[in-house]
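A.B. asks: Single-letter residue listing:
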Amino acid sequence: MSAFASVDVGKKSGMYTRIVTVCAPVLCALFACGGGYPEPRNQLSASEAAVRAAEVAGAQNSPQSALHLKRAREQVDSGKGLIQEGENERAEWVLRRAQADADLALTIANEEGQRKRAAQAKEELEQLKETVEKPVEKPAETPKP
Amino acid sequence: MARRTFTGSRHVPTSWAGVLASMIIGGSLPGCGTAAAPQELHSARHAYTEASQGPAAELAPAQLDTARQALERANMAFGSGTDEAVVRDLAYVAERKVAIAVASAGIEQANRDIVDYDKQRDTLRRKLQNETQTELARAKKELEEQKKELASEREARLVAERKAADAIKSLDEVARVKEEARGLVITLSGGVLFATGQHSLLPIAKDKLREVAKALLDQGETNIVVEGHTDSRGSSNKNHELSLLRAQEVRGFLVSQGIPTSNIRALGVGEERPVASNETAEGRANNRRVEIVVNPKGAKPKT
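Taken in order, these protein sequences are the chains called A and B.
Oh and the first sequence: position 113 is 113 in our numbering, straight run, nothing missing.
Plus 1000 on top of the position in the second sequence (first one is 1) and you've got our numbering.
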């Protein structure tokens, strides 16, 4: 019983060795062909979305945010070019930079908008203060009949 | 390539983030090698230190913490000898995140300012509204008072006019009343007032003159002239003298009834201004008369 078992184990072990010997080079070849750094599609989408959000917020309307928006656009274009060239890893980093610039452009645009609203609120307050502090002009006494 | 190490990511409160950044910049982290950090990393560290010591620490702590984490990743990459291009990328992103934290602080500050301005504006508006309402109430009250005053004056005027009308009506019953250019003329027949050639008032005359005096007092007249007139019989001088005596007699009676002496004077006209022919008895009777002129034009009472 134990002798038969020993023979079976030996047969199986030899079979595995043959399979590994045949398949390993094939698997290695396959891995080498398709296993490079993947295209950063998600990062590209995220960067493009960030650029669009900055544009919608009006980032192109003020110098500081417009500069960052411009950089973001350029870096998105550069990232796309790198993807076409197969430089996927480098492309991902460039696209991350693009997203950071687009996010910053959006925040600066929002900040400027909010500062303008605050300035307007302050102006309205000052005008109201002037109205309140202005002495009330009483109407002239009407002569009694 | 020298192996660089970094203490690793550890959550620290934002207030400590500046201290941590200072430690990083100062090179006080254990195991830091001598290799120079890329310019981007220097720049990101500097930006973070400034931001963590500025308003962003209070106004945008979450964004500042995100920036801190990004900077730590860059520092770790630098410390672990990662490719310099990657370190520069991470530092670039970290610096942008610091700038986002600073801009977020600006947004928060503007938000707070707006809330503050709105509160102040609401307070002022309420104050202005209260003042306006108070002023409106005061003006309304004043208007009501003026209306009441006007109504009261109108009522008083109506009462006075009614009184005057009543007085004239009562005068009409005892004498002839006529509005002339020289004033209101009350004519009393001489035959009713005096006996022929006399200047003493008859008893019936006194009753009529009491009515006249009452009417004059009711109207509050302040300027009265009593004129005595005769017919043309007898001498002119005697007629003049008689007419004056009769006018004085009437004046004296009116004064006795309450008309102030300063408001009334007597005048003897004699036969000079007949109102009818002296050829007939009826005409002469009409000419014998006493006229009481109320508020005569251009005349002043004799005092």
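No lab work stands behind these hints: they were computed from the structure.
Keep in mind that a hint or two might mislead.
Calculated pairs, BS3-like style, for lysine-lysine (alpha carbon to alpha carbon, straight line, at most 30 Å) [unchecked claim]: (1) K1140(B) - K1127(B); (2) K1119(B) - K122(A); (3) K1208(B) - K129(A); (4) K1163(B) - K1147(B); (5) K1169(B) - K116(A); (6) K1163(B) - K1148(B); (7) K1178(B) - K1238(B); (8) K1127(B) - K134(A); (9) K129(A) - K1127(B); (10) K122(A) - K1127(B); (11) K1206(B) - K134(A); (12) K1141(B) - K129(A); (13) K1140(B) - K1163(B); (14) K1169(B) - K1127(B); (15) K1141(B) - K134(A); (16) K122(A) - K134(A); (17) K80(A) - K70(A); (18) K134(A) - K116(A); (19) K134(A) - K1119(B); (20) K1147(B) - K1119(B); (21) K116(A) - K129(A); (22) K1163(B) - K1208(B); (23) K1169(B) - K1214(B); (24) K1214(B) - K1163(B); (25) K1208(B) - K1169(B); (26) K1169(B) - K1140(B); (27) K116(A) - K1147(B); (28) K1206(B) - K1178(B); (29) K1178(B) - K1208(B); (30) K129(A) - K1140(B); (31) K1178(B) - K1163(B); (32) K116(A) - K70(A); (33) K1178(B) - K1127(B).
This one's a predicted model, so the numbers in the text were calculated from it and none came from an experiment.
A.B. asks: Against each hint, give a clear statement of whether it holds in the structure.
C.D. replies: Going through the hints against the structure:
no. : hint                : verdict
1   : K1140(B) - K1127(B) : 20 Å, holds
2   : K1119(B) - K122(A)  : 11 Å, holds
3   : K1208(B) - K129(A)  : 77 Å, violated
4   : K1163(B) - K1147(B) : 24 Å, holds
5   : K1169(B) - K116(A)  : 84 Å, violated
6   : K1163(B) - K1148(B) : 22 Å, holds
7   : K1178(B) - K1238(B) : 28 Å, holds
8   : K1127(B) - K134(A)  : 13 Å, holds
9   : K129(A) - K1127(B)  : 11 Å, holds
10  : K122(A) - K1127(B)  : 18 Å, holds
11  : K1206(B) - K134(A)  : 72 Å, violated
12  : K1141(B) - K129(A)  : 28 Å, holds
13  : K1140(B) - K1163(B) : 34 Å, violated
14  : K1169(B) - K1127(B) : 62 Å, violated
15  : K1141(B) - K134(A)  : 24 Å, holds
16  : K122(A) - K134(A)   : 18 Å, holds
17  : K80(A) - K70(A)     : 16 Å, holds
18  : K134(A) - K116(A)   : 27 Å, holds
19  : K134(A) - K1119(B)  : 21 Å, holds
20  : K1147(B) - K1119(B) : 41 Å, violated
21  : K116(A) - K129(A)   : 20 Å, holds
22  : K1163(B) - K1208(B) : 19 Å, holds
23  : K1169(B) - K1214(B) : 12 Å, holds
24  : K1214(B) - K1163(B) : 11 Å, holds
25  : K1208(B) - K1169(B) : 14 Å, holds
26  : K1169(B) - K1140(B) : 43 Å, violated
27  : K116(A) - K1147(B)  : 52 Å, violated
28  : K1206(B) - K1178(B) : 21 Å, holds
29  : K1178(B) - K1208(B) : 17 Å, holds
30  : K129(A) - K1140(B)  : 26 Å, holds
31  : K1178(B) - K1163(B) : 17 Å, holds
32  : K116(A) - K70(A)    : 23 Å, holds
33  : K1178(B) - K1127(B) : 66 Å, violated
In this structure, the hints that do not hold are numbers 3, 5, 11, 13, 14, 20, 26, 27, 33, in rising order.
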